[in-house]
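**Student:** Make the full structure from the sequences, and use the hints.
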Amino acid sequence: AQSVAQPEDQVNVAEGNPLTVKCTYSVSGNPYLFWYVQYPNRGLQFLLKYITGDNLVKGSYGFEAEFNKSQTSFHLKKPSALVSDSALYFCAVRDQQAGTALIFGKGTTLSVSS
Amino acid sequence: DAGVIQSPRHEVTEMGQEVTLRCKPISGHNSLFWYRQTMMRGLELLIYFNNNVPIDDSGMPEDRFSAKMPNASFSTLKIQPSEPRDSAVYFCASSLTGANTEAFFGQGTRLTVV
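Sequences listed follow chains G and D, in order. Its first residue numbered 1, the first sequence is counted upward by one per residue in this note's numbering. Its first residue numbered 1001, the second sequence is counted upward by one per residue in this note's numbering.
Simulated from the structure, these hints should not be mistaken for laboratory data. Heads up, some of the hints might be wrong.
Using C-beta positions, here's what the derived DEER-type ranges look like [as the list claims (entries may be wrong)]: (1) S84/G - A1072/D: 30 to 40 Å; (2) D1063/D - V83/G: 42 to 52 Å; (3) S26/G - N1030/D: 38 to 48 Å; (4) P79/G - V1114/D: 44 to 54 Å; (5) E8/G - T1097/D: 28 to 38 Å; (6) P1054/D - S60/G: 29 to 39 Å.
Not the full set, but computed from the structure, chain G residues with beta-carbon under 7 Å of chain D [claimed, not checked]: (7) P18; (8) F46; (9) L102; (10) G107.
Derived DSSO-like pairs: lysine-lysine, alpha-carbon spacing no greater than 27 Å straight-line [as the list claims (entries may be wrong)]: (11) K106/G - K1024/D; (12) K49/G - K1024/D; (13) K106/G - K1078/D; (14) K69/G - K106/G; (15) K1068/D - K1078/D.
Built from N, CA and C at the ideal position, the CB exists for glycine as well.
**Tutor:** The structure is reproduced here in structure tokens:
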């Protein structure tokens, strides 16, 4: 079975500071990994994904994520946070075996203060 | 493309009534997912279709829930009879076939059962 853990319910950072939102995963095979963002009263929006190749993946709005196979982690990062980055962030995993659905973590609320 | 379209956006119903949620996936996408979001349980996969065929319905809570996909452009999630604990936001998402493809989400249906 596949699962995702986001150990922090909330992350607080000051505008301009770097941010990290943590994610660890568990799959029986090799993973495909995704990050999504959700703004209030909206659906989830895709940010970035890791499929293969370079462990550092760049995505929308200046976000990036680093895949670490030995630590089974896929942490989301941004060098300089904006107040507008405040939202709910979800990590998701999909086993490379075809036929499995995206499984999401519980989400981490990011709050960026000015 | 208009994206994934869900209707209604909001539904308030009385306990015991039948509720039907509707979803139109992105044209050309052949995978469709129904998720439920609550504060307590986060984002849970209910059911996953591929080419209109249910692949994984292990997340469907109980027999009161049923989902259909009669064709590639339409899916329904039905709850009969509804209960207050079914109150949640229900999301539909679609993607191309392939575990490395991201899913695109609708705006969700906020269901309140009183």
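**Student:** Give a verdict on every hint.
**Tutor:** Results for each hint:
At roughly 36 Å, the beta-carbon separation of S84/G and A1072/D lies within the given 30 to 40 Å, and the hint holds. About 46 Å separates the C-beta atoms of D1063/D and V83/G, a value consistent with the hinted range of 42 to 52 Å. Under the hint 38 to 48 Å, the C-beta atoms of S26/G and N1030/D, about 27 Å apart, miss the expected range. At roughly 47 Å, the beta-carbon separation of P79/G and V1114/D lies within the given 44 to 54 Å, and the hint holds.
A hinted range of 28 to 38 Å holds for the C-beta pair E8/G and T1097/D, which are about 34 Å apart. At about 32 Å, the CB distance of P1054/D to S60/G agrees with the hint of 29 to 39 Å. At about 25 Å, the closest approach between the beta carbon of P18/G and any beta carbon in chain D exceeds 7 Å, and the interface hint on this residue is violated. Using the Cβ-Cβ criterion of 7 Å, the hint placing F46/G at the interface with chain D is satisfied: the shortest such distance is roughly 5 Å.
Contact between L102/G and chain D, as hinted, is supported at the beta carbon level, the nearest pair being about 6 Å apart and thus within 7 Å. For G107/G, the interface hint holds, since its Cβ comes within 7 Å of a Cβ in chain D; the closest pair sits about 6 Å apart. Only pairs whose Cα atoms come within 27 Å are accepted, and K106/G paired with K1024/D is accepted, the gap being roughly 26 Å. Only pairs whose Cα atoms come within 27 Å are accepted, and K49/G paired with K1024/D is accepted, the gap being roughly 24 Å.
Taken as a hint, the K106/G and K1078/D pair is honoured in the structure, with Cα atoms around 25 Å apart against an allowance of 27 Å. Among the hinted pairs, K69/G with K106/G is consistent with the structure: their alpha-carbon atoms are about 21 Å apart, no more than 27 Å. For the proposed pair K1068/D and K1078/D, the alpha carbon gap of about 8 Å is at most 27 Å, so the pair holds.
When the structure is compared with the earlier hints, violations turn up for hints 3, 7 and for no others.
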